[in-house]
Amino acid sequence: MIFKTPTTHFLTCGSGEGGTRPNSFDGALLQAQIGNTNLVRTSSIVPPKSRFVEPHPLPQGALVPVAYAAISSEMPGELMSAGVAVAYPADPSQAGVIMEYASRGHKEDIEAIARRMAEEALKMRGQPIGQIRSIAVQHRVENIGTALAAVVLWDPA
Amino acid sequence: MIFKTPTTHFLTCGSGEGGTRPNSFDGALLQAQIGNTNLVRTSSIVPPKSRFVEPHPLPQGALVPVAYAAISSEMPGELMSAGVAVAYPADPSQAGVIMEYASRGHKEDIEAIARRMAEEALKMRGQPIGQIRSIAVQHRVENIGTALAAVVLWDPA
Amino acid sequence: MIFKTPTTHFLTCGSGEGGTRPNSFDGALLQAQIGNTNLVRTSSIVPPKSRFVEPHPLPQGALVPVAYAAISSEMPGELMSAGVAVAYPADPSQAGVIMEYASRGHKEDIEAIARRMAEEALKMRGQPIGQIRSIAVQHRVENIGTALAAVVLWDPA
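Protein chains in written order, with the numbering used here: chain L, 811 to 967; chain H, 811 to 967; chain C, 811 to 967.
Some clues are possibly wrong.
Chain copies aren't distinguished; within one or between two, either way the pair holds.
Here are the simulated lysine to aspartate or glutamate pairs, DMTMM-like style, with alpha carbons at most 25 Å apart [to be verified]:
| hint | residue 1 | residue 2 |
| --- | --- | --- |
| 1 | K814 | E888 |
| 2 | K814 | D965 |
| 3 | K933 | E952 |
| 4 | K933 | E827 |
| 5 | K859 | D965 |
| 6 | K814 | D901 |
| 7 | K933 | E864 |
| 8 | K814 | E864 |
| 9 | K917 | E929 |
| 10 | K814 | D919 |
| 11 | K933 | E884 |
| 12 | K933 | D965 |
It is worth saying that the hints were derived from the structure and are not from the lab.
Based on the provided sequences and hints, a complete structural model is requested.
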């Protein structure tokens, strides 16, 4: 194995404004409490037996595996949302699946789409669903904004 | 060194249909046997002396370095393909280079493009070519589909 | 923690021409001395106390965390640039922030944009700025070209 497999995970989200798109993205990461880490984007599995935990600070500069969706816009007044969902199988020896979605629109709608995609992913695996967790955030653009939702994979040891 | 350097690699590909693009991407990953892992995308080197192996199951939820090409489409009837090629230098102390390509079109054409790009990459390094390996998959879209080809970097220890 | 946190970093840049976009990207990586590694893209923090070092060769095939900006073009004659900037806080116990930018245009302009974004990122954190480092490269396209600038995160141990 190249990397240690993550043993915990948490869901987080945030939004931000900035003078540029990257700065508004940075602001969203900061609000989500992951702005001072080095995010390594990954496709999108919660390892079996990974423990669900509350969002918590991570070491500054740490390399952090994360699945996320984000949307940025420079259109003042535009409403946009980002959401993530995790579908956990009833069988705890099997992996959970993360789905991410971001688009213009209300957070309820975007979150529902992420949940349906996560649900379909477990169906495709023939795994009965135990539980679905999700989180979403919406943001109305002032000047330049970003909305972001993430599942952070971690190992506290 | 931050990460362990991969010591084995394999080529794999797959295609899938789903109710959404992310779900069809997930289906393609599952067919390629890497759908239950956390893929970490990387640019595109086979380390010297990395051993070529057959595709094999990976631990669920593991973080897996991978170079891949993928294409998704929602146009029923459209034919699309994804391919990867590895050019290995004649000198085994030197790195091999991976090239990925995905596009509309037949798999023979897409695979040939990936092979030519990998060949050019070794030429650019002044390395005579020992061997080229490649793989490709084509998919005709039913509703929403994805085709994907990948080189997985791994370490069985 | 899943991964070791990087303890050193360096800035590098390069440009290249190739028969295809991926090959010109490969050429730019080679000129930047990171063409024979497996780049793992990360968002964009210099960990506290990370040591600034000169660009140096990395082990072939190693997995290397990197923040970068790149731009490719197939328009002969087009001038394009890529730049990265790191803003270091006056307080060495705090993280530095990397910003990347690539666009058509002169390298002085692109580098200035990256520097301003990095500066804004520290302001957003309420951190007085200690120093800003930056690097940029410009490239005039012959046939198919790429310009790339990167901050490489590493650990020599």
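Hint check:
| no. | hint | result |
| --- | --- | --- |
| 1 | K814 x E888 | neither (41 Å within a copy, 40 Å between copies) |
| 2 | K814 x D965 | both (8 Å within a copy, 12 Å between copies) |
| 3 | K933 x E952 | between (40 Å within a copy, 19 Å between copies) |
| 4 | K933 x E827 | between (38 Å within a copy, 13 Å between copies) |
| 5 | K859 x D965 | both (12 Å within a copy, 23 Å between copies) |
| 6 | K814 x D901 | within (23 Å within a copy, 32 Å between copies) |
| 7 | K933 x E864 | neither (27 Å within a copy, 28 Å between copies) |
| 8 | K814 x E864 | both (21 Å within a copy, 23 Å between copies) |
| 9 | K917 x E929 | within (18 Å within a copy, 32 Å between copies) |
| 10 | K814 x D919 | neither (35 Å within a copy, 38 Å between copies) |
| 11 | K933 x E884 | between (38 Å within a copy, 21 Å between copies) |
| 12 | K933 x D965 | neither (28 Å within a copy, 30 Å between copies) |
Figure legend: structure checked against the earlier numbered hints; hints not met, in rising order: 1, 7, 10 and 12.
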